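Here the protein sequences come in this chain order: A and B.
Residue 1 is where the first sequence starts when you use my numbering, and the numbers rise one by one after that.
Residue 1001 is where the second sequence starts when you use my numbering, and the numbers rise one by one after that.
Heads up, a few of these hints could be off.
As the list claims (entries may be wrong) - Below, in silico cross-link-like pairs of lysine-lysine (PhoX-like), each with a Cα-Cα straight-line distance of 25 Å or less:
| id | chain 1 | residue 1 | chain 2 | residue 2 |
| --- | --- | --- | --- | --- |
| 1 | B | Lys-1055 | B | Lys-1107 |
| 2 | B | Lys-1055 | A | Lys-359 |
| 3 | A | Lys-359 | B | Lys-1157 |
| 4 | A | Lys-359 | B | Lys-1107 |
| 5 | A | Lys-328 | A | Lys-235 |
| 6 | B | Lys-1156 | A | Lys-359 |
| 7 | A | Lys-219 | A | Lys-359 |
| 8 | A | Lys-394 | A | Lys-219 |
| 9 | B | Lys-1160 | A | Lys-359 |
| 10 | B | Lys-1152 | B | Lys-1107 |
The hints are simulated quantities; they were obtained by calculation from the structure and are not laboratory data.
Just so it is clear, the structure is predicted and the values come from calculations on it, not from any experiment.
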Amino acid sequence: MDQTGTVGKKKVRARNLILHVHPPKVRKTSIRFTLTFGLGGMAAILFILQVFTGILLRFSYVPSPNEAYDSILSITNTLLFGSLVKNVHHWSGIFFVLVTFLHLLRTFYTGAFYWERRWNWVIGICLMVIVMFSNFTGYLLPWDQLAYWAVTVSTSMLYYIPGIGESLTGLVRGGEEVGGNTLLIFYNFHTAILPLSIVLLMAFHFWRVRKNKGVVVSKDADETLVPADPDLVLKELVVALCLIAFVLLISIFFDAPLQERANPAYSPNPAKAPWYFMGIQELLLHFHPFFAAVLIPVLFLFGMFLLPFLKFKEQHEGIWFFNQKGRKLALIAAITAIVIVPAGILINEYFLDFEGWMKNIPPVISNGLIPFIIIGVILTAYFLFIKNRYKPDKSEFILFMFSFMMAGYAVLTFVGIWFRGPGMVLMWP
Amino acid sequence: MKKKQNTASINRRSFLKRSWLWLGVIAGVELTAITFSMFSPGKRTKAANSYTSVKTAGYVGNIKPGSVSPHRNGQFYLVRMNDGGFLAVSLTCTHLGCSVGFDAGKKQFICPCHSSVFSIGGDVLSPPAPRALDIYRVFIEQGQVKVDTDRKIRRKKFSKADLVYA
Ligand code: HEM
Ligand code: HEM
Ligand code: FES
């Protein structure tokens, strides 16, 4: 493009900076918006927004049970633009979790987890977990009823980890109950340890993308190269600006919720978990906590880490949903989950009472192991049926199960957010 | 770069290298231990609260049999059974730690979080809670009912032996 002679010094510097992240030339097919939807870049932008607004908030926020709530009130009521800054932190905190999750879906469905991309998948899973915990630790900081009880319920889940549960809960809370120590611990994780870990992992993540010669594209894709600057950089700028404008707009019109000051003696009704844990909360209504909050999430996470290390004969790279069959399977999985999960919830709510029927058996078996096995058998049978019927290869079969679980968790989350009223009874929103 | 070195210096060198390694390991262990002890500032609150751990719940004569009264700052309900036995039931749901409310009409404790229901003795009437509500030690001193809120007593089920009589 430019001859070196005619480019100003400033421009050279800017270009050098860009070249830290991007190679000079990229494949034209790899920068199609509909391949990545810019989700990874959006996550990075949202993180920067969080750091920026978070540091501003730190100047006024006081992490102690007696002062936290008042400091929040003074941020929103007396600080110039305080409530805007707080709202941006709140909304982009939510979008950060959402966008990171969508980015996870995109890397899965475009087959970006095979072979040389497997470490980026693993780092990505770590990032997903850290981003959720960033949001979760931030959730406590306003010290209102919502914060206090969501954190009480969520940290109590640790209690059901066999052996170490009790001491782990004590360690995380810094005492028996959620209190001043918990706030201090969460504050330190939220504003130092977790953001720092994200920075380190993100650097590694970006470097891996570059090592892999850019994002995933299908093998027979056209090889034309275009200069990263301006072709890619311009697209990134547009995405970044649209995103920031969107966050600002939402933050101007919608305030971050704040309930009454935390009161350890009185739980609001209903007391709900943060929205991204709502699916687990819904499971908790049906299963013994060891299964709902420990075993199922741990198995799921384990599977996610394991995924790229499985041996695949086939590689479906760079095409959404792999191929025609993949598309069909994903659709079937999603539809089944959308039908079966609500049906399961209703049946369990109104007809099943394992604990009542088996009064002499410990609840971890009657309300945990037994329904777990029943569901396991049903699902295995269903998955085998699909396997025989459609003869998918390994990737396509995994895509099917993954889609089923994702759609199932999404349904659980929707039910938890909109269909659970006071006393957690089912109701219309 | 010389390739030839005498054996004595190699030994000294490898000894020093190994020492550094071990010093590094020890320093690492110390750092981890210190870090973890800094992570758990737990003890402070307990010491600060201990002087208020025994709560007075009222005179025996003033508490009617068959009554349940909340003592929210002590985190318990004082229950007096129909037969006159006292029981201090913890507010904290054994499922995931919400504070249970008392439904005076049904004579039941109901948890707002995942709708566990408990009898006034603390027994689970409806899951997901996996065990009966915890209790605190009750003792009678000079005609007053006192509750030691320092320690929760865990139990699977309500038993008659939990009750304290005046
Ligand atoms: C890594 C991504 C981050 C996420 C997902 C996140 C999320 C949150 C959330 C959800 C809240 C509760 C606020 C509300 O809902 O109203 C919060 C509060 C807070 N965050 Fe963050 N945060 C992040 C990074 C940071 C950073 C880097 C800092 C500072 C260095 C920070 C400082 C604070 C402070 C001081 C509060 C309390 C003030 C308030 O509640 O508005 N956060 N954060
Ligand atoms: C803080 C969170 C994250 C940030 C900022 C981030 C950022 C990025 C960026 C900018 C890219 C380049 C391509 C693109 O934009 O899609 C990328 C690629 C990638 N990310 Fe992430 N990511 C994050 C979390 C995750 C998560 C949760 C996963 C999934 C487990 C993941 C897995 C991957 C993979 C496998 C690639 C390579 C994609 C390819 O080669 O096509 N990342 N990431
Ligand atoms: S915390 Fe009481 S039912 Fe879940």
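>> Hint by hint, where does the structure go against what was stated? Just the numbers, ascending.
In response: 2, 5, 7
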